[in-house]
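S.K.: Here the protein sequences line up with chains A and B, keeping their order. Taking numbering that gives the first Met the number 0, the leading residue of the first sequence gets 0, the next gets one more, and so forth. Taking numbering that gives the first Met the number 0, the leading residue of the second sequence gets 0, the next gets one more, and so forth.
FYI, nobody ran anything at the bench for these hints, they're computed from the structure. What you are looking at is a predicted structure, and each value in this text was computed from that prediction instead of being measured. Every residue, glycine too, gets a C-beta built ideally from N, C-alpha and C. It is possible that some hints are incorrect.
[To be verified] Lysine to aspartate or glutamate pairs mimicking DMTMM-like chemistry, simulated, CA-CA at most 20 Å apart:
no., chain 1, residue 1, chain 2, residue 2
1, A, 62, B, 348
2, B, 42, B, 108
3, B, 2, B, 201
4, A, 62, B, 355
5, B, 353, A, 64
6, B, 236, A, 69
7, A, 62, B, 352
[To be verified] Simulated DEER-style distance windows between Cβ atoms:
no., chain 1, residue 1, chain 2, residue 2, range
8, A, 65, B, 352, 26 to 32 Å
9, B, 151, A, 57, 54 to 60 Å
10, A, 60, B, 125, 55 to 61 Å
11, A, 68, B, 14, 30 to 36 Å
12, A, 68, B, 283, 40 to 46 Å
13, B, 348, A, 8, 43 to 49 Å
14, A, 65, B, 162, 19 to 25 Å
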Amino acid sequence: MKATNWILTAFLVFFTLTTGAAQTGSTDFMRSMGKMYVVVAVIVAVFIGLVLFLVVLDRRLTKIENQINDHG
Amino acid sequence: MEKLIRQYWWKALGVLILLYVFVVGMLVPLKPGITLVAPSSAKTGQELILEIEGYNTNFDKAEDTLRMWLKMDNERSLAAKSIDVIGPRNARVAFNIPDYLPSSQRVQDFALVIDNPIDGASVRPNAVLITQDSIDPDQGIQQWVNENMTGLHEKQGITFPFRNILGETIRNTYFHVSLWLAMMIIFIAAMVYSIKYLRRLDNRYDYWASALTSVGLLLGGLGLLTGAIWAEYTWGKFWSWDIKQFTTLIALLIYMAYFVLRSAFPDEAQRARISAVYNIFAFIALIPLIYVLPRLTDSLHPGNGGNPALGGEDLDNTMRMVFYPAVIGWTLVSSWIASLLYRTSQIEEYLWDKWDEDDNYEK
Numbered sequence: 000m001k002a003t004n005w006i007l008t009a010f011l012v013f014f015t016l017t018t019g020a021a022q023t024g025s026t027d028f029m030r031s032m033g034k035m036y037v038v039v040a041v042i043v044a045v046f047i048g049l050v051l052f053l054v055v056l057d058r059r060l061t062k063i064e065n066q067i068n069d070h071g
Numbered sequence: 000m001e002k003l004i005r006q007y008w009w010k011a012l013g014v015l016i017l018l019y020v021f022v023v024g025m026l027v028p029l030k031p032g033i034t035l036v037a038p039s040s041a042k043t044g045q046e047l048i049l050e051i052e053g054y055n056t057n058f059d060k061a062e063d064t065l066r067m068w069l070k071m072d073n074e075r076s077l078a079a080k081s082i083d084v085i086g087p088r089n090a091r092v093a094f095n096i097p098d099y100l101p102s103s104q105r106v107q108d109f110a111l112v113i114d115n116p117i118d119g120a121s122v123r124p125n126a127v128l129i130t131q132d133s134i135d136p137d138q139g140i141q142q143w144v145n146e147n148m149t150g151l152h153e154k155q156g157i158t159f160p161f162r163n164i165l166g167e168t169i170r171n172t173y174f175h176v177s178l179w180l181a182m183m184i185i186f187i188a189a190m191v192y193s194i195k196y197l198r199r200l201d202n203r204y205d206y207w208a209s210a211l212t213s214v215g216l217l218l219g220g221l222g223l224l225t226g227a228i229w230a231e232y233t234w235g236k237f238w239s240w241d242i243k244q245f246t247t248l249i250a251l252l253i254y255m256a257y258f259v260l261r262s263a264f265p266d267e268a269q270r271a272r273i274s275a276v277y278n279i280f281a282f283i284a285l286i287p288l289i290y291v292l293p294r295l296t297d298s299l300h301p302g303n304g305g306n307p308a309l310g311g312e313d314l315d316n317t318m319r320m321v322f323y324p325a326v327i328g329w330t331l332v333s334s335w336i337a338s339l340l341y342r343t344s345q346i347e348e349y350l351w352d353k354w355d356e357d358d359n360y361e362k
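So that you can see chain A by itself, here it is in the shape it has in the complex:
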């Protein structure tokens, strides 16, 4: 649970940073170099998504392990 919270927080921070940048007009960074950093942000988003999925699978396996331990 803790790991999911951490990743969700990191993701929300990333999202608010990019939206915040869009609102304050300092979009120069994201739009610099022919908007190359938009591609970077998209790849980071895909990576975070895959990691989140890994965390879900991790928790499911932990649950099974705990149950095995319970059954001795």
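Starting from the structure of chain A, add chain B where the hints point.
M.R.: Same frame as chain A, but now just chain B:
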């Protein structure tokens, strides 16, 4: 299938293909293009001086061979009077605009065409709007000093197309569009397993359908998310209720309900049968929502509102060499993740059955 999920070659293949997609998709440069032409409007009978900013251009190296035109239509174009090169990406160009244009429109749009042997030819459509004080096409034809654009060059080497507004984000084709196609393949596979389940009533098929559907949802969710980020910097808003954004969101919600439905049935056989039927219906709903409805009205997405999808300058042959591998790579890696989910549910089922038997034995 049981053997295949323990083999590594296809998982390694998927990872290698994605590695190729990342490297080539990020490193191949864009074709030279024109990012800025200022001012963007002018009047007739003046000397028009334009400030030009290029992208990936080599104006300084090609100074002596640099040529520019204002193009009105396929027959008429006006050559530049003089060109001052300021830097590799900046130049100042002067045009003599005649008193009358060979056009009966008050405001005529012109494309700017730049050509040199190093960068090849690049075009900015609707670069300048020229307003006529009075309209006289006959005078215009007489005054027009036409210079046909001949001997245009082609950029050498491997490049991706340069598109205004998109710029480098055209690379998102490999990290956004390909996700949707991979999602489609995964959902088709999930539907096939649901049909198989209904034919054979074998629980393993139900586990496959469930695993594939959750991976398909992951791909779809990432597709929406990456699309929103891309939209912010090209359409101006993360979410603009574009018809395709809207319909794909609905399609994903329908697929999310699949898992709500599954959790509502404690009985295994009942759960498997009803969710298999629901999965087939979800797929049947997905096709019109993604491929039919967005084409009926105007959309910000290319390939909608009557435009051909995935064609022309949006996906040229160089991009296809990265795009199709990207689809295959994402599909293989997603299948790998789905197989992990499937194996986990197999273990769960095995253990729970075993423990149930133990409990019964103890009683």
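S.K.: Confirm or reject each hint.
M.R.: Structure-based check of all given hints:
1. The suggested pairing of residue 62 (chain A) with residue 348 (chain B) holds, with an alpha-carbon distance near 13 Å, which does not exceed 20 Å.
2. Distance restraint check for residue 42 (chain B) and residue 108 (chain B): the Cα-Cα separation of roughly 12 Å lies within the 20 Å cut-off, and the hinted pair is therefore satisfied.
3. Simply put, residue 2 (chain B) and residue 201 (chain B) have alpha-carbon atoms about 18 Å apart, close enough for the 20 Å limit, and the pair holds.
4. For the suggested pair residue 62 (chain A) and residue 355 (chain B), the alpha carbons sit about 17 Å apart, so the restraint of at most 20 Å is met.
5. Of the supplied pair hints, the one linking residue 353 (chain B) and residue 64 (chain A) holds, its CA atoms being roughly 15 Å apart against a limit of 20 Å.
6. Restraint check for residue 236 (chain B) and residue 69 (chain A): not satisfied, since their Cα atoms lie roughly 51 Å apart, outside the 20 Å limit.
7. Only pairs whose Cα atoms come within 20 Å are accepted, and residue 62 (chain A) paired with residue 352 (chain B) is accepted, the gap being roughly 16 Å.
8. Here the CB-CB span from residue 65 (chain A) to residue 352 (chain B) is close to 18 Å, at odds with the stated 26 to 32 Å.
9. A C-beta distance of roughly 57 Å is found between residue 151 (chain B) and residue 57 (chain A), which places it inside the suggested range of 54 to 60 Å.
10. The hinted window of 55 to 61 Å between residue 60 (chain A) and residue 125 (chain B) holds, with their beta carbons roughly 57 Å apart.
11. The hint said 30 to 36 Å for the Cβ distance between residue 68 (chain A) and residue 14 (chain B), and at roughly 33 Å that hint holds.
12. Against the hinted window of 40 to 46 Å, the Cβ-Cβ separation of residue 68 (chain A) and residue 283 (chain B) comes to about 44 Å, which satisfies the hint.
13. The hinted range of 43 to 49 Å is not satisfied by residue 348 (chain B) and residue 8 (chain A), whose Cβ atoms lie roughly 34 Å apart.
14. Look at residue 65 (chain A) against residue 162 (chain B): about 53 Å separates their beta carbons, and that is not inside 19 to 25 Å.
Violated hints for the displayed structure, listed by number in ascending order: 6, 8, 13, 14.
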